[in-house]
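There are 2 protein chains.
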Amino acid sequence: MKQTDVLVLGGLSGITAGISCRRHYPDKKVVLVRKEGTVLIPCGIPYIYGTVGGPQNNVIPDGLLEKNGIELVKDEAVAVDREKKVVSLQSGETISYDKLVFATGSLPMVPPIPGVNKKNVYPIKKDFGYLEEVYEEMKSVKDVVIIGGGFIGVEFADECRKGRDVNITVVEALPSCLQMAMDDEFCAEAKDKLTETGVKVMVSTRVEAILGDDTVTGVRLAGGEELKADMVILGIGAVPNTELAKKAGLELGFNNTIKVDRCMQSYTDPDVFACGDCAEKISFFTGRPVGLMLASIATSEARIAGANLYSTVHQNCGAISVFSTVVNGRAFAVAGLTERTARQCGMNIVVTTAEAPDTHPGGMPNSSLTKVKTIFAKETGVILGGAISGGRSVGEMINVLSACIMHKMTANEIVQFQMGTHPALTSSPIVYPIVNAACKAIIPIWQ
Amino acid sequence: MKQTDVLVLGGLSGITAGISCRRHYPDKKVVLVRKEGTVLIPCGIPYIYGTVGGPQNNVIPDGLLEKNGIELVKDEAVAVDREKKVVSLQSGETISYDKLVFATGSLPMVPPIPGVNKKNVYPIKKDFGYLEEVYEEMKSVKDVVIIGGGFIGVEFADECRKGRDVNITVVEALPSCLQMAMDDEFCAEAKDKLTETGVKVMVSTRVEAILGDDTVTGVRLAGGEELKADMVILGIGAVPNTELAKKAGLELGFNNTIKVDRCMQSYTDPDVFACGDCAEKISFFTGRPVGLMLASIATSEARIAGANLYSTVHQNCGAISVFSTVVNGRAFAVAGLTERTARQCGMNIVVTTAEAPDTHPGGMPNSSLTKVKTIFAKETGVILGGAISGGRSVGEMINVLSACIMHKMTANEIVQFQMGTHPALTSSPIVYPIVNAACKAIIPIWQ
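Going line by line, the protein sequences match chains H and P. Positions 2 to 448 (the working numbering) are the ones given, in order, by the first sequence. Positions 2 to 448 (the working numbering) are the ones given, in order, by the second sequence.
Don't take each hint at face value.
Where chains are identical, the list cannot tell them apart; a pair therefore holds if satisfied intra-copy or between any two copies.
Below, simulated DSS-like cross-link-like pairs (lysine-lysine); rule was C-alpha separation at most 25 Å, straight line [said to hold, decoys possible]: (1) K120 x K3; (2) K229 x K248; (3) K441 x K30; (4) K441 x K68; (5) K379 x K201.
To be clear, the hints were calculated from the coordinates, so they are not data collected in a lab.
Isolated chain H (complex conformation) (with noise of 0.2 Å):
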């Protein structure tokens, strides 16, 4: 039997847990066991079919492991005996541990729509070789057909397009793409961009059958409308991991996510910690569970489960939800409540927009018009929440808002932010927009 100090399952959130432990625990061993011998950046798994050209350029080097100190098992781990704290793995062998981290991440929500199982009907996986066969399959399709609008649907539809002849429909149950993720303005600038390129987008309509023999040939609509398909990628959201956790007898909790404490500690058993996707997660904003799977939010967690294994360092603030997305070459971005989720919590807010080019002048060579729209809570001024669109600064614009969230500035504050500015970099200081924004807030939070 191998034994070990600290024993992390899983993937990306593991990485980052396992190296946080060796920071802050320099004299203890960790041991990773993931299934893969190769493992993807899952944000990037899109991009493979598009921009990066392919699986073998968006893989997390395992240099990043060794250079920690962190010792890799390519096994998959089928087994906990907590009592006994051994973890027992597909291959027979067997380790022991003092401490368990769970970083078992998610898995591709696959809906019960008959003819599912059909051949070129792929539900997004993180392994490299399904992923790789994707790929090659792609080289030959004519119609491929999305399901599902939210971030992976409209991202590999934008992908997938690119170097391609091929017709590509999303179609997306809910009145608009992105819905669950972003206010109904930046949805409808996103869609338009998105048809810009040809990717034909259906709404409010699902798919009832995935139609052919063995290998797809097309889908049903509710309506009674039939696409032609040769691939069908199906992108409705991902399920938490957690069949080890369960049977390891961890009390899982909403949405069977394994319950944790703000120390990322389970709530069943002491030496058992868990992080990301397959992690219970508390609003940042309600305290309530919430069922987000973002990865600010789990490396943010690794960092915190790792640092707490034998001592407890930090105490997770709850999850803020930040994430960006690039739509046909146009950034959207949305950290904290959007206007409608904090309208749905019944929160008395105020709503301001601003834009300016994201250079000054506007005339700079690469200058993209920012969009950025702020929530703030009436009674308090404290910011809730932000979305942003425009160009390729819009990817720390959102950074700007988290940090603005997670310390619970106010209007008032961010009024006075002092933002550094250049002509190539960054839109004039006059008209800056997350000030800007801020500042036409003060007084309908006075009124």
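Model the placement of chain P on the given structure of chain H, informed by the hints.
Quick look at chain P alone, frame taken from chain H:
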């Protein structure tokens, strides 16, 4: 005699102060007096000579004033009678005010070098016509010497070379360019980028004389060496434009700036406010006066001043010092203290670095390596400053650091930062360098 509620004297920060006042006190009449008909975006001035192609492409639209109901008077204020609350203009007109805002900015420093008044020796003034003259003149020059290797000097050198067959030499008195602004390793990186373009950089030397009859023909350095020059640009800094304020009897403080309190109200007269380069700045970190002149500070002060004219809304938290620049396509930025300034203040600090590509995978198009350096107070773990070099995203990443600094976040808190990430827009969440630099600081802070 013309009458107004609020009279603003000056340029960039004057516009922002005016808009802020109109937003808070929509019933108040606001008049802005400035000499220049057309006002340039100050940070864009070096870019006139390269990227943006002429001063006409770098003007602040007067529509900004109209849109906000601010009346523009193109004239020069020559005297202030604070007792009668009347300002006299060059034209002979007078304007009575209730509240007066000095936003008179700064003027380029002209060093007492023999020959500094010869033709084709140009301090960098902000006047449109003047900069147009420099632009026309530059079309025929062959040898440009830039005195001063600070931001203005380096940005001019980098821009003037674009599309021109011209020899450019930067002469800097200190041992490296940008040394007042950045730590040595960033200065060295910037110098490498600049010299790659063919610009010659001479450090630790001074221009002792400007040669030629009427028109410059060269410069003589302290060691006796002579450089050919048919144009000399002076980029050695600026002095606050406070002659009029002094004549008006306002108390001046550090470096002849107008003494103001945290509300931006002048020490001398409760009806007179000041903001921007002409107003005294207090360090966010030490509470002492500091000689910073930055757009990030000026516009923040202007927003505060405008809001406080009739009732105190905001209190200035002090100057953080946040800025960014671009040298030959690579961006450099600093927020807060550098390692050098922190050590000069005798602070006990922990310094860490981290680097990562600004896309993930790093093989995405337009990927740059981002290098981050962070400075924490050892006793408290509070972030005091940071510097970044990299690609375009540096412009907003430095604002993430600015938000962290403004809120006195500790390394422990930054470790938990939830940053949105996207393959095309940011580093991978595993290696996001601001967070990883904070992670590396935790143990050294404890020890």
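Treating 25 Å as the Cα threshold, decide for K120 and K3: within, between, both or neither. neither (40 Å within a copy, 81 Å between copies)
Should K441 paired with K30 be assigned to within, between, both, or neither, using CA atoms and 25 Å as the limit? Intra 53 Å, inter 19 Å, cutoff 25 Å: inter-copy only.
Could you figure out if K379 and K201 sit no more than 25 Å apart (CA to CA) within one copy, between two copies, both or neither? Classified as neither: same-chain Cα gap 40 Å, cross-chain 56 Å, threshold 25 Å.
Identical-chain pair category, K229 with K248, by Cα at 25 Å: Intra 42 Å, inter 81 Å, cutoff 25 Å: neither.
My question is about K441 and K68: at a cut-off of 25 Å on alpha-carbon distance, are they close within one copy, between copies, both, or neither? between (49 Å within a copy, 15 Å between copies)
Of the numbered hints listed earlier, those contradicted by the structure are 1, 2, 5.
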